[in-house]
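K.L.:
One letter stands for each residue in the lines below.
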Amino acid sequence: DAKTTQPNSMESNEEEPVHLPCNHSTISGTDYIHWYRQLPSQGPEYVIHGLTSNVNNRMASLAIAEDRKSSTLILHRATLRDAAVYYCIPTNTGNQFYFGTGTSLTVIP
Amino acid sequence: NAGVTQTPKFQVLKTGQSMTLQCAQDMNHEYMSWYRQDPGMGLRLIHYSVGAGITDQGEVPNGYNVSRSTTEDFPLRLLSAAPSQTSVYFCASSSPSVGEKLFFGSGTQLSVL
Numbered sequence: 413d414a415k416t417t418q419p420n421s422m423e424s425n426e427e428e429p430v431h432l433p434c435n436h437s438t439i440s441g442t443d444y445i446h447w448y449r450q451l452p453s454q455g456p457e458y459v460i461h462g463l464t465s466n467v468n469n470r471m472a473s474l475a476i477a478e479d480r481k482s483s484t485l486i487l488h489r490a491t492l493r494d495a496a497v498y499y500c501i502p503t504n505t506g507n508q509f510y511f512g513t514g515t516s517l518t519v520i521p
Numbered sequence: 127n128a129g130v131t132q133t134p135k136f137q138v139l140k141t142g143q144s145m146t147l148q149c150a151q152d153m154n155h156e157y158m159s160w161y162r163q164d165p166g167m168g169l170r171l172i173h174y175s176v177g178a179g180i181t182d183q184g185e186v187p188n189g190y191n192v193s194r195s196t197t198e199d200f201p202l203r204l205l206s207a208a209p210s211q212t213s214v215y216f217c218a219s220s221s222p223s224v225g226e227k228l229f230f231g232s233g234t235q236l237s238v239l
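Residue numbers (my numbering), protein chains in the order written: chain X, 413 to 521; chain A, 127 to 239.
Treat the hints as calculated values from the structure; they're not laboratory data. Among the hints, a few may not be true.
When the alpha-carbon atoms are kept at most 35 Å apart in a straight line, the in silico DSBU-like pairs for lysine-lysine are as follows [as the list claims (entries may be wrong)]:
{"no.": "1", "chain 1": "X", "residue 1": "Lys481", "chain 2": "X", "residue 2": "Lys415"}
{"no.": "2", "chain 1": "X", "residue 1": "Lys415", "chain 2": "A", "residue 2": "Lys135"}
{"no.": "3", "chain 1": "A", "residue 1": "Lys227", "chain 2": "X", "residue 2": "Lys415"}
{"no.": "4", "chain 1": "A", "residue 1": "Lys135", "chain 2": "X", "residue 2": "Lys481"}
{"no.": "5", "chain 1": "A", "residue 1": "Lys227", "chain 2": "A", "residue 2": "Lys135"}
Predicted, not measured: the structure shown is a model, and the values here were computed from it.
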């Protein structure tokens, strides 16, 4: 399994963009990079995933470095509802996800 | 669709007791998995299944048993509860048909005294 390194915590002002980084230098060529978030007292929820190209959806954008050793989750306008723990998970299976400790995002009104 | 349903939501056990955490999904997903989350920690994979009749161990399988007799259900059995198993337990399902995104249940808070 690819090891990941994420900041323990980050802060953002409401309505400003947030860039959440993740290092995964041991990622394999077939690993997709998944991002999940966990709101307080809830189970994790899917945010976005990608392989090589940058990806966008209604929740966020995912920027993947050309060498794939790092990625950045971008929330374009942070809201209070985005306060959560964000997990970066490289994996090539749909049934084994290894969560690290993630980044706890605080959104300041 | 109800999605992934976990029961019970809360449970208190005494050391040495056994119990089964229930997990059911109505999305016809092939993959199901169990995670535990200790306070301030990320989720750790206990057991997973890629289909009915097929299960395998994750990171922290000791003290837990699973079986998968149907596509819908994936119960987690604690054989002899220990205080170290106090945790929040999450069940998840996924499928290649949905891009292998994990769908989680709302969790079971288990306390072992």
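K.L.:
Take the hints in turn and mark each one as holding or not.
P.N.:
Do the hints match the structure? See the list:
Annotation: proposed proximity of Lys481 (chain X) to Lys415 (chain X) holds, straight-line Cα distance about 10 Å (limit 35 Å). At most 35 Å may separate the alpha-carbon atoms for a hinted pair to count; Lys415 (chain X) and Lys135 (chain A) meet this at roughly 32 Å. At roughly 20 Å between alpha-carbon atoms, Lys227 (chain A) and Lys415 (chain X) fall within 35 Å of each other, so this suggested pair holds. Using a Cα cut-off of 35 Å, the hinted pair Lys135 (chain A) and Lys481 (chain X) is violated, with the two alpha carbons roughly 39 Å apart.
Distance restraint check for Lys227 (chain A) and Lys135 (chain A): the Cα-Cα separation of roughly 23 Å lies within the 35 Å cut-off, and the hinted pair is therefore satisfied.
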